[in-house]
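Work out the full structure, taking the sequences as your base and the hints as a guide.
If you want the building blocks of each chain, they are given just below.
There are 2 protein chains.
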Amino acid sequence: MTKKFYMPTRVFMGYECIAKNCEAFKTLGKKALIVTGASSAKKNGSEHDVKAALDSVGISYLVFDKVMSNPTIACVYEGAKVAKENDVDFIIAIGGGSPMDAGKAIALLAAQDIDAANLFSGNYENKVLPIAFVPTTAGTGSEVTQYSILTNDEKQTKTSIASDLLFPALAFLDAKYMEYLSISTTINTALDALSHAVEGMLSVKASSVSNALAVESIQLIMECVPDLLSVLNSKSKTGLELEVREQLQQASFMAGMVIAQTGTTAVHAMGYSLTYFKDIDHGRGNGLLLGEYLRIVEREQPDLAGRILKALSLSSVNEFREITDKLLGEKEDISTDEIQQFSKMAIQTKNIANCIVKPSEDDLKEIFILSFLM
Amino acid sequence: MTKKFYMPTRVFMGYECIAKNCEAFKTLGKKALIVTGASSAKKNGSEHDVKAALDSVGISYLVFDKVMSNPTIACVYEGAKVAKENDVDFIIAIGGGSPMDAGKAIALLAAQDIDAANLFSGNYENKVLPIAFVPTTAGTGSEVTQYSILTNDEKQTKTSIASDLLFPALAFLDAKYMEYLSISTTINTALDALSHAVEGMLSVKASSVSNALAVESIQLIMECVPDLLSVLNSKSKTGLELEVREQLQQASFMAGMVIAQTGTTAVHAMGYSLTYFKDIDHGRGNGLLLGEYLRIVEREQPDLAGRILKALSLSSVNEFREITDKLLGEKEDISTDEIQQFSKMAIQTKNIANCIVKPSEDDLKEIFILSFLM
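Chains D and Z, in that order, give the protein sequences. For the first sequence, my numbering assigns the number 1030 to the initial residue and increments by one for each residue that follows. For the second sequence, my numbering assigns the number 1030 to the initial residue and increments by one for each residue that follows.
It is possible that some hints are incorrect.
Heads up, the list lumps identical chains together, so a pair's fine if it works in one copy or across two of them.
To be verified - Listed next, the in silico DMTMM-like pairs over lysine to aspartate or glutamate satisfying Cα-Cα at most 25 Å (straight line): (1) K1032 x E1045; (2) K1059 x E1154; (3) K1339 x E1252; (4) K1071 x D1084; (5) K1032 x E1052; (6) K1049 x E1270; (7) K1032 x E1272.
Derived from the structure by calculation, the hints contain no laboratory data.
Shown next, in the form of C-alpha cells:
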C-alpha cells in the first residue's frame, strides 16, 4: 500500500500573526467574502483583526455571517450565491469547525456548479476559490484538512466533502481569540483534537510522519488536562492561561495534519449520529466514545493500544476512561433503540473500512453501551 | 515572532510507489526532462522505473544526465538550456542531493531568465516548471524542501537558492533504489539527515510541529545505528536490510520537512567549507561537526541540549561523539590555517543568525579543533 503525505496549507502561528502577515492575503485576490457565524468572531476580535488586515492591504470584502452550528447544505448554497453575485476572489472563514466547514464548501460551490445530488460525489472540476482560515477554537483542525463536513438531512448524518481542492491556502493560528471560549467548548474541542490524533494512529493509512505528529499532539493535549480540570472545577470556570490555549491550538493543528493523511475511524463514524440525532457536540461525542473503542483495540491488537497508551502517558484504558469521565461530566441518556440504529448506520461508513481494528456491529453496540451506561 | 509551516509537496511512499501512482505525473504536463547523474539512476533501476511510468501514461521525455556531485552553476544553466530548447513541461530529478539540487535550479531557470549574478538573490518572478523527485539516497531531504544548493566558485562555498517556488510538486520515496548504495554513502547521508533534524531543534524558527518531526526522525536514525555499524564492520560491507533503508528514508524525509521550516544552523555553515575546499562529503562533514556544536549548546543552554540528547536516547555529548567517531572512521587532516579561514567564512553566514545558541568565531574554531583533532 502506498502511504501518502500532502498538506499544502501555508500556516502562520503566534500572537497577532494576522496583522504581522497581512500581505499574505494579497496572494489570494482583491475581494474577499468573510464566512463566519452570527456572533463569536465579532466578540473575540478575530473578525475585527481580519478586516483591519484587509483594509491595510487594500482588499475589499463583504461578510456572510449566517453559518449555524453543524452547517446545512442550504446554508452553503446560500453563501456560494453571495460569493458569486458579488464576484469575490477568495473566501476567509473565521470561527470554529462550522464556519470552516461552510467556508470550504462555499469556495467550491462559488467556483463551479454542483447540484446537491452530486455535492458529496468527489467528482469536481479542478476549480475552487482560494480559502484563508482563522480558527477560533482548538479542535477541528479543519484549517489544515481537505474535509468539509455538512449536515446531510437526506442521509440523517454528517457527511464530508473530501477533496484536495479544499485545503485552505492560508491559515492563521492565534490563540488570543480563544481567551473567552467557555471551558465546556474548550474541553469538547480538545477531545475532538485528541480523537483525531488517536484515530489517526488507528487508521490503515497511518505513516511514520502521521504517527509522529499524532504522538506529539496527544502529549500536548494530555499535558493540558490538569489545567482543564482545574478550571472546570473552579467556581468561575474561567482563567485558562493563554499558554495552555496555545498548546491546545498547536495540538489541534497537528491532529488536523494527521487526519488530512489518515482520515478518521470508528469513533467519528459513531459520533456523527450522536450529533445528528441527539444534538451532542461533535467533540464531546468523540470524547464519549474514544475510550471504549480503545478497549476494543486493546482486545484485538494490544501492541497498537499499548503505543497509544504510551503516547497518552497512561497505563490502562480504565485510566483514560476516568479522565474523559471527569472532563465530560454527566452523560446524556441513550436508548437501546438508538444504540441499534446508530450502530447499524455507523457500520456502513467508510470510516470503519479505514480502521486497523475493524469493529463488528456488535462491537459498536458494546462501545455505545459501555460509553453511556458505565 | 510568527512561526510558520509550509510544505506543499505531494509525497508517495512505499515499494513500487512510482508504478502504482504513475497517473500523478499527468498533472504536471506532457513532456518531461529527466535530470540525473551519469550512472547511479541507471544502475539502481530508478531511471528505468520512471521511464516505464512515463511511457505507461503517454508522457514523452528526454534525459539530461550530466549532473556531477556538488553541481555547479554552469551545470544548471546547461540543463535549463536543454529544457527550454526542448520545450519540456516539467522536470523529474532522480538521484541523491546533487540531481535534486540541480533539478530545482533547472526548473527555475527554464521558466524565467535569471542571470548568474542574481541567481541567489531570491527575487524571482512567480514562475517555475513543476518538479517531481525520486530520491535514491536517504539524507538530503531535498524532495520536501525549497532549497537548491549549488557550488558557488565566486564565494568559494556552497550557496543555496531558497524559494517556495522550488518545493517539488511530487516526491516518490521507494527504498528499493538504495539496495546497493555503499555503506559509506549510507552512513554519510544518514548523518546528513540526523544533522538536519538536530539543527532544526536548534533553530530560532523551531516550532512544535518541526520539533515533533525532528524528534521522530532522530529516533528512527538512532535505531538504525547498530545495523549501520554492523554492516560497516563486516567483511563484505553489504547487507543492510530493506526495512532499515526504509526507516532511514522516512527519517530523511521528516528531517527534510524540518529544515524546510527551520533552515540549518552552524553545522551546515561550517560543513560547506569542508566540502568546497577539502572535498569532504556533505553529510560526512556535518557528522564530523555535529557533536562538538552540541557541546557548545550544552554549555550555553543545557536544557536545550538535554532535549536533543533525550531524542538521541543518549545521556551525554561524549556518547554521541563515540557513535559518530565509530561511524566516520579515520578523519581527514585539517590545518590551523584552514580552521581560521573556515571559521571566518562560517561566522558570516545566515545559518549562524538562525541558531538559538549563536556561536562566536572562537567557538567555531573550537568546534573544528575538537572535531578533527580529538
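Starting from the hint list further up, note which numbers the structure goes against and sort them upward. none
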